[in-house]
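2 protein chains.
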Amino acid sequence: MSFINNWLRSDIQAINAYHVPPSGDMVKLDAMESPFPLPDDLIGQYLAYLADSELNRYPNPGAEELNQTLRQLMDIADDFGVLLGNGSDELIQLLALACETNDTILSVEPSFVMYDMIAKFTRLNYQGVALTKDYQLDLALMLQAIEKHNPKLIFIAYPNNPTGNTFDRVEIETIIQSTDAMVVLDEAYYAYAGDSFIDDIAKYPNLVVLRTVSKIGFAGLRLGLLVGAQETVAELDKLRLPYNINTLTQVSANFLLTEKAEINKNAAIIIEQRQLLLIELERVSGLTVYPSQANFILFKAPRAQELFDYLKENGVLIKNLSSAPKLTDCLRVTVGDNDQNQLFMQIVKQFYTL
Amino acid sequence: MSFINNWLRSDIQAINAYHVPPSGDMVKLDAMESPFPLPDDLIGQYLAYLADSELNRYPNPGAEELNQTLRQLMDIADDFGVLLGNGSDELIQLLALACETNDTILSVEPSFVMYDMIAKFTRLNYQGVALTKDYQLDLALMLQAIEKHNPKLIFIAYPNNPTGNTFDRVEIETIIQSTDAMVVLDEAYYAYAGDSFIDDIAKYPNLVVLRTVSKIGFAGLRLGLLVGAQETVAELDKLRLPYNINTLTQVSANFLLTEKAEINKNAAIIIEQRQLLLIELERVSGLTVYPSQANFILFKAPRAQELFDYLKENGVLIKNLSSAPKLTDCLRVTVGDNDQNQLFMQIVKQFYTL
Numbered sequence: 009m010s011f012i013n014n015w016l017r018s019d020i021q022a023i024n025a026y027h028v029p030p031s032g033d034m035v036k037l038d039a040m041e042s043p044f045p046l047p048d049d050l051i052g053q054y055l056a057y058l059a060d061s062e063l064n065r066y067p068n069p070g071a072e073e074l075n076q077t078l079r080q081l082m083d084i085a086d087d088f089g090v091l092l093g094n095g096s097d098e099l100i101q102l103l104a105l106a107c108e109t110n111d112t113i114l115s116v117e118p119s120f121v122m123y124d125m126i127a128k129f130t131r132l133n134y135q136g137v138a139l140t141k142d143y144q145l146d147l148a149l150m151l152q153a154i155e156k157h158n159p160k161l162i163f164i165a166y167p168n169n170p171t172g173n174t175f176d177r178v179e180i181e182t183i184i185q186s187t188d189a190m191v192v193l194d195e196a197y198y199a200y201a202g203d204s205f206i207d208d209i210a211k212y213p214n215l216v217v218l219r220t221v222s223k224i225g226f227a228g229l230r231l232g233l234l235v236g237a238q239e240t241v242a243e244l245d246k247l248r249l250p251y252n253i254n255t256l257t258q259v260s261a262n263f264l265l266t267e268k269a270e271i272n273k274n275a276a277i278i279i280e281q282r283q284l285l286l287i288e289l290e291r292v293s294g295l296t297v298y299p300s301q302a303n304f305i306l307f308k309a310p311r312a313q314e315l316f317d318y319l320k321e322n323g324v325l326i327k328n329l330s331s332a333p334k335l336t337d338c339l340r341v342t343v344g345d346n347d348q349n350q351l352f353m354q355i356v357k358q359f360y361t362l
Numbered sequence: 009m010s011f012i013n014n015w016l017r018s019d020i021q022a023i024n025a026y027h028v029p030p031s032g033d034m035v036k037l038d039a040m041e042s043p044f045p046l047p048d049d050l051i052g053q054y055l056a057y058l059a060d061s062e063l064n065r066y067p068n069p070g071a072e073e074l075n076q077t078l079r080q081l082m083d084i085a086d087d088f089g090v091l092l093g094n095g096s097d098e099l100i101q102l103l104a105l106a107c108e109t110n111d112t113i114l115s116v117e118p119s120f121v122m123y124d125m126i127a128k129f130t131r132l133n134y135q136g137v138a139l140t141k142d143y144q145l146d147l148a149l150m151l152q153a154i155e156k157h158n159p160k161l162i163f164i165a166y167p168n169n170p171t172g173n174t175f176d177r178v179e180i181e182t183i184i185q186s187t188d189a190m191v192v193l194d195e196a197y198y199a200y201a202g203d204s205f206i207d208d209i210a211k212y213p214n215l216v217v218l219r220t221v222s223k224i225g226f227a228g229l230r231l232g233l234l235v236g237a238q239e240t241v242a243e244l245d246k247l248r249l250p251y252n253i254n255t256l257t258q259v260s261a262n263f264l265l266t267e268k269a270e271i272n273k274n275a276a277i278i279i280e281q282r283q284l285l286l287i288e289l290e291r292v293s294g295l296t297v298y299p300s301q302a303n304f305i306l307f308k309a310p311r312a313q314e315l316f317d318y319l320k321e322n323g324v325l326i327k328n329l330s331s332a333p334k335l336t337d338c339l340r341v342t343v344g345d346n347d348q349n350q351l352f353m354q355i356v357k358q359f360y361t362l
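For the protein sequence lines, the chains are A and B, in the order given. Counting from 9, one number per residue, gives the positions in the first sequence under our numbering. Counting from 9, one number per residue, gives the positions in the second sequence under our numbering.
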C-alpha cells in the first residue's frame, strides 16, 4: 500500500477526479461560455494597459479598484460588501470553511455539483432536496428538510444549473425567512435572468449573493464575487487567503469590465438567441424543452446519448446529463452565437430524420 | 447582535484580518519580492503572446503546458507529480483539507505564519515547536513533539522565513524518517539556497516540496506548486478546485518562465547582493546579523522599532518583527538591487550616528 493511500482520508480517495474532456476544435456549447471574443479594437488598448503592471510585485491585497469596477458593472449598492474569489468555487469553499465540521450544507437536486463536492472537501454534511418533476422548488419538502437537518448553509442557484429555470421568488423568500442558515443565492447566470436577489440583501441579513464573470465573456479570468451585508463580508474576509486575486486578473478586469455597454449588448444577443433556439428545439417532435432564464437550455431527448455522440461526431460539443440522477435523457446546450446555434439545430434535425 | 456574529464560528471572529499596509512610493524591501522588472525587450513579445488567449473560454483545466514549463525551469524529474495552486497558500490549504478535522499540523517557531492560520481556517490543531536560540532545529524537542502530538502534516520552511537560514539536512531527514506524517518542505526561497530536498522525494514517500514563483520575479502571478510522488499528487489533485489556475496566469507563465537564463542571472545578482549587504550590516556595531540562504536578511537591532520608523520616514519599507514572539528587536530586510541596498544601508548607518 502506498504512502498516500494510507495517509489520505478514504472519502477523498473514493472520488473520481473531475475530468474535463479535451474539446479540440469543436464548437463548444458545453460549458456556458460566452461565444464573443474581445473586440479587436479593444485588444490593443487592453495590452497597452496591461504592460504597466509590475509582475515582480505582489498584487494589490484588497483589490479595491476591482471591487469598484464590479460594483459599477453589476449595480451593487455602496452599503453592501463585496468579497472576491478565484471563481465562485473559491467563495463556496470559503463559506464552507466558515462552518464547523459536521455542519450541513443543504441544496436542491439537480443543481450545481460543486455544493456537494465542496461540502465533502471541507468535511461538512451535504443534504440534497429533490425538486419537483418539472424542476421547481418543492417548498413543503424544503421546509421539512430545513427543520430536520438544521443546515448552516443553503445554496440556491438562481437561475438553477443545469435546469435553467428560476424558482418562485415568494417561495425563496419564505425559505430565507424560515431559517437561521446563511442562504446563498448563486446568481452565476444573472445576466440572462429577469430577476435578482441582490437588492434583497438589505432586507434579509442571512442572505448573500454569489456572482461570477465567467458567463458574461470572461471565463478565463476565474473571477467570482460574494455580495452581502458589509459586516458579513468583513467577517468572511478573515478566511480569504492573502493576495488571492492576482495582478493580471485585477488589471485585466479593471480594463475589460468597464465595457458595460458591450457586455450588456452581448447578453441581449444571447437572450434573443435563446428565444430562437427554444422555439426551434420545441419544433423538433419528441423533445421536451425546459424554460430557461440562463445562457443554456435543458432538454429531454429520445436516444439522448446517441444524439450527444452524433453532435460530437459532427463537431459540436454539448453537455450529456442523460445518466445523471433525475435527468434521464437530458442534454444541456449552451446558447452560442447565431451560426453556432444554427449548426447545432441542423445536426439535431438531421439526427432525428436519419 | 448581528447575523454574522451569531452565525460565524468564534475562533474566526477572533482573528484580526491580515492587513497589508499601503506602501505608496516607498522602496519596498518588506515582502521578499524580486527588484527586477520584466526586461523591456521581452514585454512586447509577451503582450503579443497574450493577445491570442481566449478570455471568454475557461482555462485549460489541467494546465499541462504550464506544468512542463515549471518542470524545465526548476529541473523537476519526470517521475514526480506537480500540482499547481494560486500561490503556495492555496496548496497549504489543500493539504490541510486532505486531513481529518482535529488532525494536527506541526511546524517550528518562528516560521511562516500561514501554517498556523490555515490550520485554524480548516479546523485543524496547530502545534509550534520552538527553534533554538539561534534559530536552528531543536531535534530532540521536534522528535518529542512528533511522538506526543502525532501530527498529520509537518511543515518545514527551507530556507526558513523569517529567519533566513536552512536547517541541518541530516536532522530534517531524521524527522522525515521518524514520522507517518506527510512532511512538507516549503522551498519558497529555493533560488537563493545552496541545497534542496526536491530530489529526496524519490527516497521518502512521505515527503512533498512546495515552491513558488513569487520570490523569483513573479509575485504578481500568484503561482505555487507542490512536487511529490506521482501517486501522491494524483490523489491530492482530487481536492483541487476546477480551473484553479486562470488563463492569464497560464499563458503569462508559459511565456515568462521559459526565460530561465534571465531568472537565474537575477537570482545570482541577489545572492551576490545578499553577501555585500550581510558584510555591511555586520559592520554596524550593535547589530546581530543572522546567516541567510534566502533573499532577505534577519537582524537584531538596538531600538528596532525606532530604526524601522526612521527607515519608513526616509522612504524605505522593511518588515518589523520586533514585537513578534521569539523575535524581540528583530527586523527583516529583503535584498534589493544595489541602489536599494545602498540606500537602506545609508539610512541605517545614519540612524545609529544620530
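Note that these hints are calculated values from the structure, not bench results. Warning: the hint list may mix true and false statements.
Pairs of lysine-lysine, DSSO-like flavour, derived with a Cα cap of 27 Å [as the list claims (entries may be wrong)]: (1) Lys246(A) x Lys156(B); (2) Lys128(B) x Lys128(A); (3) Lys156(A) x Lys141(A); (4) Lys246(B) x Lys246(A); (5) Lys268(B) x Lys246(B); (6) Lys327(B) x Lys246(A); (7) Lys246(B) x Lys327(A).
Short derived list, chain A residues pointing at chain B, Cβ under 8 Å [what the hints assert, rightly or not]: (8) Glu62; (9) Gln135; (10) Gly225; (11) Leu351.
Listed next, with one range per pair, are the computed distances between beta-carbon atoms [claimed, not checked]: (12) Gln185(B) x Met9(A): 16 to 26 Å; (13) Arg79(B) x Tyr212(A): 42 to 52 Å; (14) Ala56(B) x His157(A): 20 to 30 Å; (15) Pro69(A) x Ala138(B): 28 to 38 Å; (16) Gln21(A) x Val178(B): 28 to 38 Å.
Glycine included, C-beta positions come from ideal geometry on N, C-alpha and C.
Going down the list of hints, with the structure as the test:
1. Lys246(A) x Lys156(B): violated (31 Å)
2. Lys128(B) x Lys128(A): holds (18 Å)
3. Lys156(A) x Lys141(A): The hint holds at about 23 Å.
4. Lys246(B) x Lys246(A): This hinted pair holds, its Cα atoms lying about 26 Å apart.
5. Lys268(B) x Lys246(B): It is violated: about 31 Å lies between the C-alpha atoms, which goes past 27 Å.
6. Lys327(B) x Lys246(A): holds (22 Å)
7. Lys246(B) x Lys327(A): holds (22 Å)
8. Glu62: holds (6 Å)
9. Gln135: violated (18 Å)
10. Gly225: holds (5 Å)
11. Leu351: violated (18 Å)
12. Gln185(B) x Met9(A): 16 to 26 Å: holds (18 Å)
13. Arg79(B) x Tyr212(A): 42 to 52 Å: holds (50 Å)
14. Ala56(B) x His157(A): 20 to 30 Å: violated (54 Å)
15. Pro69(A) x Ala138(B): 28 to 38 Å: With Cβ atoms ~30 Å apart, the hint holds.
16. Gln21(A) x Val178(B): 28 to 38 Å: holds (34 Å)
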